[in-house]
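Chains as they are written, first to last, in the numbering used here: chain A, 225 to 595; chain B, 225 to 595; chain C, 51 to 374; chain D, 51 to 374.
Note that these hints are calculated values from the structure, not bench results.
Ideal Cβ placement from N, Cα and C applies to all residues, glycine included.
Some hints could be false.
[Unchecked claim] Restraint-style ranges between C-beta atoms, simulated for each label pair: (1) A:ALA580 to C:GLN101: 42 to 48 Å; (2) D:PHE331 to C:ASP362: 19 to 25 Å; (3) D:ASP294 to B:GLN291: 49 to 55 Å; (4) C:GLU355 to B:ALA539: 37 to 43 Å; (5) A:PRO571 to D:GLY277: 37 to 43 Å; (6) C:GLY99 to D:GLN101: 22 to 28 Å; (7) A:PRO571 to D:PHE331: 33 to 39 Å.
[Said to hold, decoys possible] Derived coverage of chain D by chain A (criterion: at least 3 residues anywhere in the stretch with Cβ under 8 Å from a Cβ of chain A; other residues may be distant): (8) 105-113; (9) 170-176.
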Amino acid sequence: MVRSARATRGATAAADEDMVQLLAPSGERVTHPEYDLEPSDDEARGLYRDMVIIRRCDVEMTALQRQGQLALWAPLRGQEAAQIGAGRALAPDDFCFPGYREHGIAWCRGITPEQSARSFRQVTNGGWDPYEHNYAEPSIVIGNNVVNAVGYAMGVQHDGAESAVMACTGDGGMSEGDVAEAFVWAAVFQAPIVFLLQNNQWAISEPTERQSRIPLCRRADGFGFPGVRVDGNDVFAMLAVTRAALARAREGSGPTLLEAFTYRMGAHTTSDDPTRYRVDTEVEDWLQRDPVERLHRYLVAAGAADEAWTAEIDAEADGIASRLRDAVVALRGPSPASIFDHVYAEPHPLVDEERAQMVALLGAEDAGSLK
Amino acid sequence: MVRSARATRGATAAADEDMVQLLAPSGERVTHPEYDLEPSDDEARGLYRDMVIIRRCDVEMTALQRQGQLALWAPLRGQEAAQIGAGRALAPDDFCFPGYREHGIAWCRGITPEQSARSFRQVTNGGWDPYEHNYAEPSIVIGNNVVNAVGYAMGVQHDGAESAVMACTGDGGMSEGDVAEAFVWAAVFQAPIVFLLQNNQWAISEPTERQSRIPLCRRADGFGFPGVRVDGNDVFAMLAVTRAALARAREGSGPTLLEAFTYRMGAHTTSDDPTRYRVDTEVEDWLQRDPVERLHRYLVAAGAADEAWTAEIDAEADGIASRLRDAVVALRGPSPASIFDHVYAEPHPLVDEERAQMVALLGAEDAGSLK
Amino acid sequence: MTELTLAKAINEGLRKAMEDNPKVLLMGEDIGRLGGVFRVTDGLQKDFGEQRVIDSPLGESGIVGTSVGLAIRGYRPVSEIQFDGFVYPAFDQLVSQVAKQHARSEGAITLSLVVRIPYGGGIGAVEHHSESPEAYFAHTAGLRVVSPSTPNDGFWMVRQAIECDDPVLFLEPKCRYWEKGEVDEAAPPSGLFEAAVRRVGTDATLVAYGPSVKTCLKAAEVAQGEGRSLEVIDLRSISPLDADTVARSVEKTGRLLIAHEAPVFGGMGAEIAARLTERCFYSLSAPPLRVGGYHTPYPPSRVEEDYLPNIDRLLDALDRAFEF
Amino acid sequence: MTELTLAKAINEGLRKAMEDNPKVLLMGEDIGRLGGVFRVTDGLQKDFGEQRVIDSPLGESGIVGTSVGLAIRGYRPVSEIQFDGFVYPAFDQLVSQVAKQHARSEGAITLSLVVRIPYGGGIGAVEHHSESPEAYFAHTAGLRVVSPSTPNDGFWMVRQAIECDDPVLFLEPKCRYWEKGEVDEAAPPSGLFEAAVRRVGTDATLVAYGPSVKTCLKAAEVAQGEGRSLEVIDLRSISPLDADTVARSVEKTGRLLIAHEAPVFGGMGAEIAARLTERCFYSLSAPPLRVGGYHTPYPPSRVEEDYLPNIDRLLDALDRAFEF
Ligand SMILES: Cc1ncc(C[n+]2csc(CCOP(=O)(O)OP(=O)(O)O)c2C)c(N)n1
Ligand SMILES: Cc1ncc(C[n+]2csc(CCOP(=O)(O)OP(=O)(O)O)c2C)c(N)n1
Ligand SMILES: [Mg+2]
Ligand SMILES: [Mg+2]
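Given these sequences and hints, build the entire structure.
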């Protein structure tokens with residue numbers, strides 16, 4: 225049963241499906257018949273800064289988890305361009321439904337790394353006010369948030385608003401029935417939504433061909449809306465294609481599936497051990513396509529970055545990371561009794577009764593003090 | 225939200241997607257570059273006989289329901305060619321997972337109309353031994369049986385057996401997440417299965433474009449296996465294309481999606497009132513493409529049927545129908561206590577305890593006598 | 051005061067809710083042009099348009115899942131699951147998103163959505179059309195579960211459920227859809243989560259909800275003839291549970307019977323029995339007894355009357371309660 | 051006699067079952083090359099091949115749904131749901147197909163399949179990784195639900211579950227995976243559906259299963275110091291329930307406490323309390339009391355120890371039981 229699937233590894237893993245690229249791994253600009261981006265030096269520098277900062281914070285979070293300060297961390301290393309390109313394409317009014325690894329998009333939505341750390345420290349299962357950032361809470365059960373996103377997009381459409389919605393999923397997520405139902409609804413109602421599929425080649429230990437024998441962007445063909453594969457390690461291509469897809473959604477032309485073809489450079493999470501299932505050569509191969517290095521080469525060639533400026537950005541990132549460390553270590557909460565606070569929005573006798581039982585048992589002080 | 229969907233009605237309802245046809249509505253044979261069938265007169269007459277009999281039984285069942293002899297009936301009128309063509313393509317060793325309307329395929333599997341009536345009379349939720357007929361029990365929850373079918377096909381593959389599996393769903397069923405998961409599994413494992421999608425244009429009151437903006441056979445493209453639209457009112461095309469797809473599955477070339485483009489001439493079930501949601505002209509239009517008439521014209525033109533023979537078949541069908549009526553009216557069961565018999569295959573204390581309670585309350589006689 | 055069937059009363063309640071609040075949307079399979087297989091949404095698409103009464107694709111996770119998104123956007127979606135047996139494909143959405151969004155967002159998101167489900171047996175249906183899934187939902191913190199037993203409650207409770215800022219599963223006893231009753235459009239009978247004493251009695255307390263309330267009232271009538279005075283309580287709300295009202299009655303009668311169609315094992319009757327035993331331990335002259343579905347899949351409907359709680363089974367349990 | 055962790059003991063049990071019967075297949079997410087996120091299937095793909103230890107696509111309905119088909123074909127699939135919180139997408143398959151195939155086919159089809167689910171909290175995990183869904187399954191006729199609490203039971207019960215001709219949900223207490231215990235490979239400790247008295251006592255009966263058994267044993271130890279002798283029963287099987295063993299104990303002790311991690315409201319404790327109250331009404335000196343999760347979504351794990359049944363909460367309930 226399995227051999228047949230393995231046999232086609234190339235089909236999805238290799239970049240044989242044509243893929244939108246505007247920036248070659250060498251850092252040279254390449255052209256594409258459909259998509260283009262003319263970033264100002266400031267814009268390009270801004271994208272670089274974003275990527276350096278989230279990469280640095282990602283390293284810090286991983287270290288914090290190792291030191292027992294976080295329950296878990298899901299590293300984004302390797303996916304910086306996919307997330308920053310997509311995240312910077314979003315307009316303030318757009319709304320995004322992330323998974324659990326979208327720290328880069330969160331950063332673009334004005335969510336601080338410290339806020340991103342909260343659910344991983346388990347002081348909460350959320351971390352920010354979704355309405356303040358037009359960015360939903362993290363979602364861990366794979367697939368169901370994508371359906372929620374389509375519903376939100378139907379609401380945007382019903383409001384007659386000029387905004388779009390983004391829903392995040394992964395290569396593994398593409399196999400969940402919920403994602404297919406989301407595609408059906410989005411297509412039938414022509415919902416203003418962009419499905420951002422980060423194909424990082426792995427679903428924990430399972431390679432993409434365990435989910436599909438053909439490129440995942442083609443999945444959209446079967447539902448009647450466009451699917452595009454983008455070089456997910458090329459921030460220019462990600463920005464250009466995501467902007468176009470969001471514009472298309474806002475115009476009322478319906479959904480688009482964007483497959484950001486990228487790679488999970490690190491472990492699935494800090495609990496994972498990739499050495500059990502993948503070979504170093506694959507990782508080294510992808511290292512050659514590193515999204516941050518690539519943009520840096522471009523900036524240097526364009527004379528938009530020199531050593532001094534690069535060092536400045538690194539220093540800024542280090543500063544953010546060390547402040548992040550302090551903030552995370554200081555994070556407290558919740559209090560035992562607070563678990564009863566938001567089960568329901570309206571009064572609920574059982575919740576009140578059980579809160580009282582807990583307070584009686586622990587004492588008001590302990591029940592109310594942050595963990 | 226809805227207008228956009230309605231607007232594209234043509235896209236799926238009209239036969240603009242090219243469609244395999246071997247027998248024109250006029251009864252003339254037409255050729256197709258890929259598929260052909262050279263039925264002997266006996267074979268063609270056999271198909272006609274099948275269709276006449278299941279249509280006649282369908283009329284009888286509907287009447288029996290009206291007279292209170294059945295809880296419900298799901299008529300197949302209009303879908304005779306789709307079901308007989310697909311059903312006769314199955315080899316004895318093949319296994320089929322039906323829905324609730326596949327009485328024609330059941331007939332081909334040697335299940336009597338009386339057995340098909342059992343679950344609709346609610347003397348059981350089954351009706352036959354799946355292993356005796358290589359035909360699963362009826363399945364009512366839409367979508368989940370299609371996943372089961374893929375699992376069975378994985379078992380066939382694991383056995384190294386030379387047989388194939390057929391899974392039935394409808395145009396509405398194509399929106400259920402389970403059907404998409406079935407497609408993912410079947411594609412990844414190259415399971416020997418044929419997905420028979422009877423697109424009868426309606427899911428109760430909802431037209432097909434409420435499920436998709438593009439022809440449903442195209443859904444397979446997104447999963448990496450072939451999808452073919454067949455004239456579902458052309459029994460020759462159905463037989464030829466289904467045979468080819470089953471052969472392909474047996475060879476190890478993986479799944480195929482067959483969209484039998486047909487029409488539900490009757491109500492969704494005897495509980496339904498189609499006048500609330502569809503126009504007569506549509507029904508009349510489809511009447512012109514009637515599968516039984518079509519084959520009869522062919523037989524007459526081919527000199528394979530005359531009035532006498534046609535009358536003979538009608539008489540045989542009438543006979544079967546009246547015996548069916550007697551058999552259905554005589555159907556009894558289950559006994560109250562029998563509901564405990566097959567909850568588990570192995571002993572279960574709670575079931576025994578509750579059976580004893582019921583017997584104590586009703587008395588052994590009543591508890592054991594058929595309803 | 052007008053006399054309506056339960057189905058029509060809910061239809062009227064939905065209409066009022068849609069008139070009162072433009073954010074109320076209906077979504078489900080066949081609810082628009084057809085008006086729903088039970089006609090509970092009959093005429094609403096015609097009057098409120100296809101934008102507010104939406105015929106959805108065929109998928110329960112899609113229906114509930116998109117309702118979640120609409121609610122996050124500020125709408126008050128009321129979705130319909132066509133039959134009880136088809137709610138399970140939406141189970142993940144209900145447990146992992148509907149029930150948890152408010153807590154996950156620490157109150158930032160209030161999910162005002164209603165999921166309507168015709169439930170229960172007794173209509174001679176085929177498989178999967180007679181299930182009683184309420185215990186699954188009641189065990190799920192974050193959800194509220196209610197079930198009307200009369201047209202007046204149908205009219206008012208559906209409006210109160212839509213006005214509630216929490217997700218509410220609205221379970222409609224389909225075998226009572228066609229039964230008529232007075233609807234008082236002037237004022238709601240009570241809060242959405244309060245139980246109602248339907249019949250006052252002194253010897254034993256019968257607790258039920260939805261389809262079983264009427265069965266209990268009939269049984270009480272018969273018991274009266276046998277000289278036993280039964281108090282019948284209609285819970286109306288399954289979660290939260292109005293335990294106070296039940297406790298008051300049990301302290302008076304000393305005997306408790308609970309009836310529901312769902313299998314007894316792990317059903318709501320267990321929670322009610324356990325909770326009331328703890329609260330009324332010294333008042334109980336007999337253990338709380340449960341009458342409900344057996345531990346079997348819902349049987350072929352030809353035998354459903356022997357499976358469901360009926361007058362005989364209730365009176366038998368009553369006798370047992372008095373034997374203690 | 052060898053000492054193994056629970057995770058390793060289940061791994062060994064699976065290995066034995068695969069050696070004994072070529073029809074046994076394993077399927078799930080990451081169970082092959084990775085050996086499962088908890089390494090319970092470690093090494094099995096290497097030894098039995100990719101045909102028998104199958105890394106599946108990411109979809110729980112697909113995993114359970116294809117297992118149903120494999121079982122109909124005559125295989126004995128053992129599928130893994132990676133974490134408790136991810137079983138809900140498979141809920142429809144479990145309730146509508148797994149639980150009903152045998153009855154629907156009037157016994158023609160026996161569905162010998164096992165669904166393994168690491169469940170429960172206490173490991174400091176993120177959301178959806180600490181749930182206790184057993185009550186949903188126990189309320190579903192047609193399913194059997196068991197949970198081992200020791201390595202020896204892990205080794206034997208998984209083999210017995212695979213040999214069982216009915217579908218079995220095999221709930222593995224993930225917080226005990228790394229705890230060691232003696233495994234006696236010579237003979238099974240008892241039948242799969244029999245409860246075990248883990249500690250003999252006279253003053254009160256503590257009933258638990260899976261992760262809570264050890265907590266109860268610790269509480270009993272402390273109570274002993276306070277002069278109270280507790281009997282601790284490990285149910286092992288949640289459905290069916292070995293009520294006889296519990297009843298024997300309650301008739302002796304007169305007091306019953308039930309502990310589980312799932313929310314108390316509508317949880318297994320309710321069924322156990324209601325059933326034993328009915329059976330042992332005159333033996334009870336106090337109402338059965340339940341200690342378990344609160345009616346909230348599983349909280350952020352930083353506060354989970356105050357959410358879960360712990361020694362303090364058990365002793366507090368014990369005091370209350372003695373106040374009656
Ligand atoms: C419904 C569900 N099943 C299983 C899991 C466990 N799980 C967490 S992440 C993961 C792999 C996801 O892979 P992919 O979708 O490619 O996203 P990635 O982690 O690579 O970003 C799995 C199986 C889950 N979170 N939800
Ligand atoms: C999961 C599920 N949801 C809803 C239903 C109720 N229902 C029964 S048939 C039907 C329409 C099915 O349409 P289609 O798939 O096109 O099959 P057809 O009846 O046209 O043959 C619906 C919604 C069901 N049986 N199962
Ligand atoms: Mg991935
Ligand atoms: Mg149809």
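Run the structure past the numbered hints and jot down the numbers of the failing ones, going up. Per hint list: single violation, 6.
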